[in-house]
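Novice: Fit chain B with the ligand to the known structure of chain A by using the hints.
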Amino acid sequence: MNTSDIYREEIIDHSKHPRNFGKIAKPDVRYKEKNPLCGDEIELFVKLDSHKKVKAVAFNGAGCVISRASASLFTEAIKGKSVRELEQLSAKDALECLGLSELTPTRQKCALLVLETLKRGLKKYQQKTK
Amino acid sequence: MIDAAKIKKDFPLLNQKMNGQPLVYLDSAATSQKPQAVIDAIKDFYERHNANIHRGIYRLSEEATELYEGAREKVQKFIRAKETKEIIFTRGTTESINLVAYSWGRQNIEKGDEIIVTEMEHHSNLIPWQLLAKEKEAVLKFIPIDDEGRLKITKLDSLLNKKTRLLAITHVSNVLGVVNPLKEIITKAHSNGTRVLVDGAQAVPHLSVDVSELDCDFYAFSGHKMLGPTGIGVLHGKRELLEAMPPFMGGGEMIKEVTKEGATWNELPTKFEAGTMPIAQVVSLGTAIDYLNGIGMENIWQHEQMLIAYALEKVTAIPGVKIYGPLKPKDKGGVLSFNIGEIHPHDIASIFDEEGIAIRAGHHCAQVLHRRLGIPATVRASFYLYTDQSDIDKLIGAIKKAKQLLL
Ligand SMILES: Cc1ncc(COP(=O)(O)O)c(C=O)c1O
Numbered sequence: 001m002n003t004s005d006i007y008r009e010e011i012i013d014h015s016k017h018p019r020n021f022g023k024i025a026k027p028d029v030r031y032k033e034k035n036p037l038c039g040d041e042i043e044l045f046v047k048l049d050s051h052k053k054v055k056a057v058a059f060n061g062a063g064c065v066i067s068r069a070s071a072s073l074f075t076e077a078i079k080g081k082s083v084r085e086l087e088q089l090s091a092k093d094a095l096e097c098l099g100l101s102e103l104t105p106t107r108q109k110c111a112l113l114v115l116e117t118l119k120r121g122l123k124k125y126q127q128k129t130k
Numbered sequence: 001m002i003d004a005a006k007i008k009k010d011f012p013l014l015n016q017k018m019n020g021q022p023l024v025y026l027d028s029a030a031t032s033q034k035p036q037a038v039i040d041a042i043k044d045f046y047e048r049h050n051a052n053i054h055r056g057i058y059r060l061s062e063e064a065t066e067l068y069e070g071a072r073e074k075v076q077k078f079i080r081a082k083e084t085k086e087i088i089f090t091r092g093t094t095e096s097i098n099l100v101a102y103s104w105g106r107q108n109i110e111k112g113d114e115i116i117v118t119e120m121e122h123h124s125n126l127i128p129w130q131l132l133a134k135e136k137e138a139v140l141k142f143i144p145i146d147d148e149g150r151l152k153i154t155k156l157d158s159l160l161n162k163k164t165r166l167l168a169i170t171h172v173s174n175v176l177g178v179v180n181p182l183k184e185i186i187t188k189a190h191s192n193g194t195r196v197l198v199d200g201a202q203a204v205p206h207l208s209v210d211v212s213e214l215d216c217d218f219y220a221f222s223g224h225k226m227l228g229p230t231g232i233g234v235l236h237g238k239r240e241l242l243e244a245m246p247p248f249m250g251g252g253e254m255i256k257e258v259t260k261e262g263a264t265w266n267e268l269p270t271k272f273e274a275g276t277m278p279i280a281q282v283v284s285l286g287t288a289i290d291y292l293n294g295i296g297m298e299n300i301w302q303h304e305q306m307l308i309a310y311a312l313e314k315v316t317a318i319p320g321v322k323i324y325g326p327l328k329p330k331d332k333g334g335v336l337s338f339n340i341g342e343i344h345p346h347d348i349a350s351i352f353d354e355e356g357i358a359i360r361a362g363h364h365c366a367q368v369l370h371r372r373l374g375i376p377a378t379v380r381a382s383f384y385l386y387t388d389q390s391d392i393d394k395l396i397g398a399i400k401k402a403k404q405l406l407l
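Those protein sequences? They're chains A and B, same order as listed.
Its first residue numbered 1, the first sequence is counted upward by one per residue in full-length UniProt numbering.
Its first residue numbered 1, the second sequence is counted upward by one per residue in full-length UniProt numbering.
Possibly wrong hints are sitting among the right ones.
Taking lysine-lysine and the PhoX-like style, the derived pairs with C-alpha atoms no more than 20 Å apart in a straight line are [unchecked claim]:
id	chain 1	residue 1	chain 2	residue 2
1	A	LYS16	B	LYS403
2	A	LYS16	B	LYS401
3	A	LYS130	A	LYS52
4	B	LYS155	B	LYS141
5	B	LYS188	B	LYS162
6	B	LYS74	B	LYS85
Don't read these hints as lab results, they were simulated from the structure.
One chain only, chain A, in its complex shape (with noise of 0.2 Å):
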């Protein structure tokens, strides 16, 4: 009986010990959000460089393993990506990103907080620079 398909070694290994996880001086974004659902909360901090791609991204906050697991594997593979490209990321992307398919929509919802975070994120940070 105790095993998981949802909790592989992987995700754990992530949630347990976040990459990225904590902040950045003088970030070029920065963001809080929340999932009222569950309290869960991720603040995002991105660091561009003169190309406008990511050069340094950190994320720190309380969340379930899967909120956490998806803000580490997503901020890993975000590294050196265009302002524009983080603009077109998608939920399936996101969710590729984690490599779990089989989330029910409510579990989804704390899965795709690091990407909801990134893109008001983004939208606070073309407001600004406008």
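Specialist: Quick look at chain B with the ligand alone, frame taken from chain A:
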């Protein structure tokens, strides 16, 4: 004693598999499953009796009206109300409470008046009072709870004063399972001239309720948590109060006479039942009451007492599991809220789901309570007449699996 395994057979949904496992449904506090008799009653109504009520002269409409009013009588007897006029059909507990807040509240609450609620209220018995208090510049006060989740009744005396118009309180907590000592509370409130509204959403399905004995002024509950369909609920109110209250919603059926200038209101209970009501739902709620009466509310309560005693004993024996609410089954319904170490409740619920176990994770519409407990969320398992010991054994197994995987 109840034979839950036999009762389970009356509930078609419970006989299916979920994620390859036999379904273990432990979310009856959110909504109950429905027996075949209730499902059949809805079908039967549409196949043989469907017509709009009250307005028709023809036979079919008379029949539908008789069934609808027959269900009102069943509700009245079930909660031992004095008369059918005191039974108002609504969409559910939420609408029942909002009805009182809008109609009675706007007429009776003035600037500086005080309303008392408790720290364990469901949002549906909190937000309507917050809205009213804001609109009227009234003051909202809270009866605190102790660390076991029981109300600190002794605090009530210092909260009640000559400005206290209303006390709105839940009968049974949907998170802690605590049964509040209503009789004592209502007596105190009444001797202060304060009206009492009771949220009975988690009580009527599980224990024998006598509104006349309680002497509460308003009592609200939902059909879908007591084997009935969604979309139907009840407000019981004392007749003299309901008669003095203005209508909640305007429309068809609730009027007596209408002119260009205005209207007069229909008699109780129709004054509060504007528009076409969910007729099939009312009728099948009557069938749900028949089913509950057939088993006996006292037997259901005893069965849930047995289950919660068993669950508390088993779960407290697992290290790392924190239970919220009283740790003794006395005065506690079949609701068990807990956390496992630092594991997020959503992860627990997902692991349980893989085992075919349906439980709820979150704040259960009681954020003030969770804030008081100092946690964002809990996992909640809730029982009913069809829950048996083997369901609880599976719950224990899943708790151990979650611990092993994630702790
Ligand atoms: C204590 C309590 N009050 C009120 C409600 C609201 O009931 P409904 O959603 O049926 O209006 C619930 C159900 O979730 C409840 O548990």
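Novice: Now, for every hint given, state plainly whether the structure supports it.
Specialist: Hint-by-hint comparison with the structure:
1. LYS16(A) with LYS403(B): holds (14 Å)
2. LYS16(A) with LYS401(B): holds (18 Å)
3. LYS130(A) with LYS52(A): holds (14 Å)
4. LYS155(B) with LYS141(B): Distance of about 11 Å is within 20 Å: holds.
5. LYS188(B) with LYS162(B): holds (13 Å)
6. LYS74(B) with LYS85(B): The given pair, whose Cα atoms are some 13 Å apart, holds under the 20 Å limit.
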